[in-house]
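Peer 1: Here are the chains, one letter per residue:
Protein chains: 2
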Amino acid sequence: MSDIRFDVVGIGNAIVDVIGRCDEDFLARIGAPKGHMRLVDAGTVGGLYQAMGPAVEISGGSVANTMVGIASFGGRSAFIGKIAQDEFGRIFAHDIRAAGVFFQTAPSDSRIPTARSLILVTPDGERTMNTFLGVSPDLDRGEVDPEVIRSAGIVYLEGYLFDRPEAKEAFRQAAGLAAQAGRKVALSLSDAFCVDRHRAEFRDLIRSSVNILIANESEITSLYQVDAFEEAARLAQSDTPMAVLTRSARGSVIYARGHDPIPIPAVPVDPVIDTTGAGDLYAAGFLYGIASGRNLEVAGRLGSLAAAEVIGILGARPQRKLAALARSHGLV
Amino acid sequence: MSDIRFDVVGIGNAIVDVIGRCDEDFLARIGAPKGHMRLVDAGTVGGLYQAMGPAVEISGGSVANTMVGIASFGGRSAFIGKIAQDEFGRIFAHDIRAAGVFFQTAPSDSRIPTARSLILVTPDGERTMNTFLGVSPDLDRGEVDPEVIRSAGIVYLEGYLFDRPEAKEAFRQAAGLAAQAGRKVALSLSDAFCVDRHRAEFRDLIRSSVNILIANESEITSLYQVDAFEEAARLAQSDTPMAVLTRSARGSVIYARGHDPIPIPAVPVDPVIDTTGAGDLYAAGFLYGIASGRNLEVAGRLGSLAAAEVIGILGARPQRKLAALARSHGLV
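These protein sequence lines map, in sequence, to chains D and G. The first sequence begins at 1 in this note's numbering and counts up by one. The second sequence begins at 1 in this note's numbering and counts up by one.
Check before you lean on any hint, since a few could be wrong.
Which copy is meant is left open, so a pair is good if it fits within one copy or across any two.
Said to hold, decoys possible - Taking lysine to any residue pairs in the SDA-like style, the calculated list, with each CA pair at most 25 Å apart, reads:
1. Lys321 / Val269
2. Lys321 / Leu48
3. Lys321 / Thr275
4. Lys321 / Asp270
5. Lys321 / Arg141
What the hints contain is simulated information worked out from the structure, not anything from laboratory work.
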């Protein structure tokens, strides 16, 4: 069995976010479901970019953001994801490595570009994502390095990978390798619309292979097709040993076998600048907490703290060291 | 004589800023003069990018930022500057047009890339720039559209253009066309090191062709090689009909023939996030004020307001509408 080199290895889409502000009318006009991620093709992303206002480019990608957050807490994290040999690919690789994340996935030599997500932030701070996946799903078996998977305590996978068959295959392979090596498998459900596209597969996977499920309220109720959060939470508990369910400003609840539910308050944020990355950074705090041996409540509070930090800035990558922030809050 | 279509047309370098945070040691290690702009070549910019931390990409360029600021105030502005047909060029063109600035300079078909400036922000909020000009100086006579120049009330030129002969030629041509058409020529001295490189030419130009000179304290004292601000200001007044001199937190002073010096207080900013663009946005407020017929004091106060706004955010492009901000301060 390999030694543990990483606290967490994440597999996900390698995306550069193109973030701009818009009003509610603009969202309605382009038909984007507010607060959600929708997939768009190359032509649509080009047209939307033309139509949207001035933007800022910041590296993103859900699980990639989580790995950066873990590194910012002082944890050891690695990321597997596909970029192209283009400017956005260079930006993505630079930023994740400069943040201290191990990232060695070879860039594609195809002419398909690096993924980008046009993120529209409305005046209430809510983000709506229009994602062109580009080369990102081109993760075939060669990309998932078994040594990296085996050398991480937790393998963290994003539900978004299910949107393309090639990526889904990488996802399944990583989950299998982790289980074989006795590592934990964590899954983010990513987005309620994504859950809707892959409900049956997600439910099978959660029952058979997931040790830690991370989801927000709309994702978990979509998964179980129920209206009430409590009902969805009950179903999740019977499917997986640990479910961490976030509820935006209402905080989160950790359901772990052998424990009573552990409610975690949200850390208040005023003003809300941009909610992009809130869930990703909650996952960073929680997974870092678990990987570093903190108890569940502290892990959840680290999650709340990191989420609050990223809501107060533009983009999904924290600018201040989360380790220092956690110390100043007496959590580490 | 053409009709006035634009309040201000700006000519400058078309740059995408790559902004990251660093400590004082990093600046010292790479030998970058704090608070200034230095020119670097393609190899150096690549090496610095590798060495610097995570970054954010935001359109920039000194005079381009000013034109965006004028549009944000509700003014009509145009920009002339050279981009390549690459990702950074597409970002630059998108952002300036989406901000409402007229921008029609044809992209270069050479393989030289679009300019970028690696901007390192220290914990005190001061920015230090490492600029690779790329294709930006390739402004030959064809780029300076005489119709655009003649149709603007003010032509605004950045001193940085003097750093390359091709751009300097475009600069001189624009100044000549503006004078011939009875338009005002405004000049930004850009940077004290830039002044040092071109002192004699700048002084000749200011005496012969500049109606409005905009400079900060270190630039104007470098221009006249004197220690005291007051002495530099006295010399500037004898060289040009209007000198607008900024002094960071100490505000600015407007020296106009036929007027007593007009001191303008700075608008306090706390916290200082990033000083990138402070001078550019001061110029935006001032030139918008002049072009829209405000008196000199109001023009200066519009400058202070816009500078404060941009110091409170990352990057040099305001995110809120300056017109609304000016209204809320009773200035328009």
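Peer 1: All the hints need checking, so say for each whether the structure fits it.
Peer 2: How the hints compare with the structure:
Proximity of Lys321 and Val269 under a CA criterion of 25 Å is satisfied in both settings, with 18 Å inside one chain copy and 23 Å between copies. Taking the shortest Cα distances, Lys321 and Leu48 sit within 25 Å of each other only across copies (22 Å), while inside one copy they are farther apart (34 Å). For the identical chains of this complex, Lys321 and Thr275 are neighbours both inside a copy (19 Å) and across copies (21 Å), given an alpha-carbon limit of 25 Å. In this assembly of identical chains, the alpha carbons of Lys321 and Asp270 lie at most 25 Å apart whether taken from the same copy (20 Å) or from different copies (21 Å).
In this homomeric assembly, Lys321 and Arg141 never come within 25 Å of each other (Cα to Cα): the closest approach is 34 Å inside a single copy and 49 Å across copies.
Violated hint for the displayed structure: number 5, the only one.
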